Amino acid sequence: ELKVEQNPLFLSMQEEKNYTIYCNYSTTSDRLYWYRQDPGKSLESLFVLLSNGAVKQEGRLMASLDTKARLSTLHITAAVHDLSATYFCAVVPNSGYALNFGKGTSLLVTP
Amino acid sequence: DAMVIQNPRYQVTQFGKPVTLSCSQTLNHNVMYWYQQKSSQAPKLLFHYYDKDFNNEADTPDNFQSRRPNTSFCFLDIRSPGLGDAAMYLCATSRAGNEKLFFGSGTQLSVL
Numbered sequence: 001e002l003k004v005e006q007n008p009l010f011l012s013m014q015e016e017k018n019y020t021i022y023c024n025y026s027t028t029s030d031r032l033y034w035y036r037q038d039p040g041k042s043l044e045s046l047f048v049l050l051s052n053g054a055v056k057q058e059g060r061l062m063a064s065l066d067t068k069a070r071l072s073t074l075h076i077t078a079a080v081h082d083l084s085a086t087y088f089c090a091v092v093p094n095s096g097y098a099l100n101f102g103k104g105t106s107l108l109v110t111p
Numbered sequence: 112d113a114m115v116i117q118n119p120r121y122q123v124t125q126f127g128k129p130v131t132l133s134c135s136q137t138l139n140h141n142v143m144y145w146y147q148q149k150s151s152q153a154p155k156l157l158f159h160y161y162d163k164d165f166n167n168e169a170d171t172p173d174n175f176q177s178r179r180p181n182t183s184f185c186f187l188d189i190r191s192p193g194l195g196d197a198a199m200y201l202c203a204t205s206r207a208g209n210e211k212l213f214f215g216s217g218t219q220l221s222v223l
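Protein chains in written order, with this note's numbering: chain A, 1 to 111; chain B, 112 to 223.
Among the hints, a few may not be true.
List of simulated lysine to aspartate or glutamate pairs, DMTMM-like, C-alpha gap at most 20 Å [unchecked claim]:
1) A:103 with B:170
2) B:128 with B:196
3) B:211 with B:196
4) A:41 with B:162
5) B:211 with A:58
6) A:41 with A:66
7) B:155 with A:16
8) B:149 with A:66
9) B:211 with B:188
10) A:3 with B:170
11) A:68 with B:196
12) A:3 with A:38
13) B:149 with B:168
14) A:103 with A:16
15) A:17 with A:82
16) B:149 with A:58
17) A:3 with A:58
18) A:3 with B:188
19) B:211 with A:82
20) B:155 with A:66
21) A:56 with A:66
22) A:103 with B:188
23) A:68 with A:38
24) A:41 with A:82
25) B:211 with A:30
26) A:68 with A:5
27) B:155 with A:38
28) B:163 with B:196
29) A:17 with A:66
30) B:155 with A:82
31) B:149 with A:44
32) B:149 with A:5
Residues of chain A placed beyond 12 Å of chain B at every Cβ, according to the derived structure [claimed, not checked]:
33) 4
34) 22
35) 78
36) 81
37) 86
38) 100
39) 109
Derived by calculation from the structure, the hints in this document are not laboratory data.
This structure is a prediction, so every number in the text was calculated from the model and none was measured.
Virtual Cβ for every residue (Gly too), placed ideally from N, Cα, C.
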């Protein structure tokens, strides 16, 4: 069974601080996705990482993938309140094509 | 705009009363998925269609069924909803060979 583990599950951080969310997975995969979800809303695609060493950046968020370590990181730089949301990583095993989600990291950015 | 559209946005049903949720797409994607997301939990894959081929997850209850009459539409049928089936139901699509999923806005189901 594929396991996708995120940590931390809850994160409260101050504005302008930096932090990293981690996503570990248990099977061979070189396809990993990050999504954002606001309360009561659907999922918004943030990053698509499709190879070892892939790094993508959008604004204050940067995602990376290490397929050998089976690890992805989502780094937040100089957080702002608008980044408050739940962030999910999701993995597609090389043997399949369905997304398997982590439990999500609930991020709260405070002044 | 090409989109994944779910109707209705909110659905209230009674315990045991069958309910159908709908999803349509204008992306002409091969694959359509149904996810269940309970409050403060990760989305959980119920099943998906790869073209006309239905793929059920092993732990999806028999109470949940799906139909895909054509490429554009997919339905989720809950035959006898229980209180534990209250959740957000998310439809998503992807093009075969490209796993980026496009999600609909979801249907929030309440069971009274």
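Hint check:
1. Between residue 103 of chain A and residue 170 of chain B the CA atoms are separated by roughly 18 Å; this keeps the pair inside 20 Å, and the hint holds.
2. Restraint check: the Cα-Cα separation between residue 128 of chain B and residue 196 of chain B comes to about 12 Å, which is no more than 20 Å; the hinted pair holds.
3. This hinted pair does not check out: residue 211 of chain B and residue 196 of chain B have alpha carbons roughly 27 Å apart, beyond 20 Å.
4. Of the pairs offered as hints, the one joining residue 41 of chain A and residue 162 of chain B is violated, with about 27 Å between alpha carbons and a cut-off of 20 Å exceeded.
5. Distance hint between residue 211 of chain B and residue 58 of chain A is fulfilled; the C-alpha atoms sit about 17 Å from each other, no more than 20 Å.
6. Annotation: proposed proximity of residue 41 of chain A to residue 66 of chain A is violated, straight-line Cα distance about 30 Å (limit 20 Å).
7. Under the criterion of a C-alpha separation no larger than 20 Å, the hint pairing residue 155 of chain B with residue 16 of chain A is inconsistent with the structure, at around 34 Å.
8. For the hint pairing residue 149 of chain B with residue 66 of chain A, the CA-to-CA distance comes to about 30 Å; that exceeds 20 Å, so the pair is violated.
9. Only pairs whose Cα atoms come within 20 Å are accepted, and residue 211 of chain B paired with residue 188 of chain B is rejected, the gap being roughly 25 Å.
10. As the CA atoms of residue 3 of chain A and residue 170 of chain B are separated by approximately 15 Å, the hinted pair is consistent with the 20 Å bound.
11. Taking the CA atoms of residue 68 of chain A and residue 196 of chain B, the gap is near 38 Å; set against the 20 Å cutoff, the hint is violated.
12. Note on residue 3 of chain A and residue 38 of chain A: the hinted pairing is violated, with a Cα-Cα distance of about 24 Å set against a maximum of 20 Å.
13. Between residue 149 of chain B and residue 168 of chain B the alpha-carbon distance is near 17 Å, which keeps this suggested pair within the 20 Å criterion.
14. Restraint check for residue 103 of chain A and residue 16 of chain A: not satisfied, since their Cα atoms lie roughly 26 Å apart, outside the 20 Å limit.
15. Taken as a hint, the residue 17 of chain A and residue 82 of chain A pair is honoured in the structure, with Cα atoms around 14 Å apart against an allowance of 20 Å.
16. At most 20 Å may separate the alpha-carbon atoms for a hinted pair to count; residue 149 of chain B and residue 58 of chain A exceed this at roughly 29 Å.
17. Taking the CA atoms of residue 3 of chain A and residue 58 of chain A, the gap is near 27 Å; set against the 20 Å cutoff, the hint is violated.
18. As the CA atoms of residue 3 of chain A and residue 188 of chain B are separated by approximately 28 Å, the hinted pair breaks the 20 Å bound.
19. With a C-alpha separation of about 24 Å, the suggested pair residue 211 of chain B and residue 82 of chain A falls outside the 20 Å cut-off, and the hint is violated.
20. Between residue 155 of chain B and residue 66 of chain A, the direct Cα distance comes to roughly 25 Å. Violation of the 20 Å bound is thereby established for this hinted pair.
21. Between residue 56 of chain A and residue 66 of chain A the alpha-carbon distance is near 13 Å, which keeps this suggested pair within the 20 Å criterion.
22. The straight-line distance between the Cα atoms of residue 103 of chain A and residue 188 of chain B is roughly 26 Å, outside the 20 Å bound, and the hint therefore fails.
23. Between residue 68 of chain A and residue 38 of chain A the alpha-carbon distance is near 31 Å, which puts this suggested pair outside the 20 Å criterion.
24. For the suggested pair residue 41 of chain A and residue 82 of chain A, the alpha carbons sit about 15 Å apart, so the restraint of at most 20 Å is met.
25. Proposed proximity of residue 211 of chain B and residue 30 of chain A is supported: the alpha carbons are some 13 Å apart, at most 20 Å.
26. Of the supplied pair hints, the one linking residue 68 of chain A and residue 5 of chain A holds, its CA atoms being roughly 16 Å apart against a limit of 20 Å.
27. For the proposed pair residue 155 of chain B and residue 38 of chain A, the alpha carbon gap of about 17 Å is at most 20 Å, so the pair holds.
28. This hinted pair does not check out: residue 163 of chain B and residue 196 of chain B have alpha carbons roughly 26 Å apart, beyond 20 Å.
29. Annotation: proposed proximity of residue 17 of chain A to residue 66 of chain A is violated, straight-line Cα distance about 24 Å (limit 20 Å).
30. For a cut-off of 20 Å, the pair hint linking residue 155 of chain B to residue 82 of chain A is broken: about 26 Å separates their Cα positions.
31. With a CA separation close to 17 Å, the supplied pair residue 149 of chain B and residue 44 of chain A stays within the 20 Å bound.
32. Distance hint between residue 149 of chain B and residue 5 of chain A is fulfilled; the C-alpha atoms sit about 18 Å from each other, no more than 20 Å.
33. Residue-level check failed: residue 4 of chain A sits 8 Å from the nearest beta carbon of chain B, not beyond 12 Å.
34. No Cβ of chain B approaches the Cβ of residue 22 of chain A within 12 Å, the least distance being about 15 Å, so the stated non-interface status holds.
35. Its beta-carbon lying about 27 Å from the closest one in chain B, residue 78 of chain A satisfies the requirement of being farther than 12 Å from that chain.
36. Every C-beta of chain B lies more than 12 Å from that of residue 81 of chain A, the closest at about 21 Å, which supports listing it as non-interface.
37. Listed as outside the interface, residue 86 of chain A is inconsistent with that label: its C-beta sits roughly 8 Å from the nearest C-beta of chain B, within the 12 Å cut-off.
38. Annotated as non-interface, residue 100 of chain A brings its C-beta within 12 Å of a C-beta of chain B; the closest such distance is 7 Å.
39. Residue placement check: residue 109 of chain A keeps its beta carbon more than 12 Å from all beta carbons of chain B (closest about 19 Å).
Of the hints listed earlier, those the structure fails to meet are numbers 3, 4, 6, 7, 8, 9, 11, 12, 14, 16, 17, 18, 19, 20, 22, 23, 28, 29, 30, 33, 37 and 38, in rising order.
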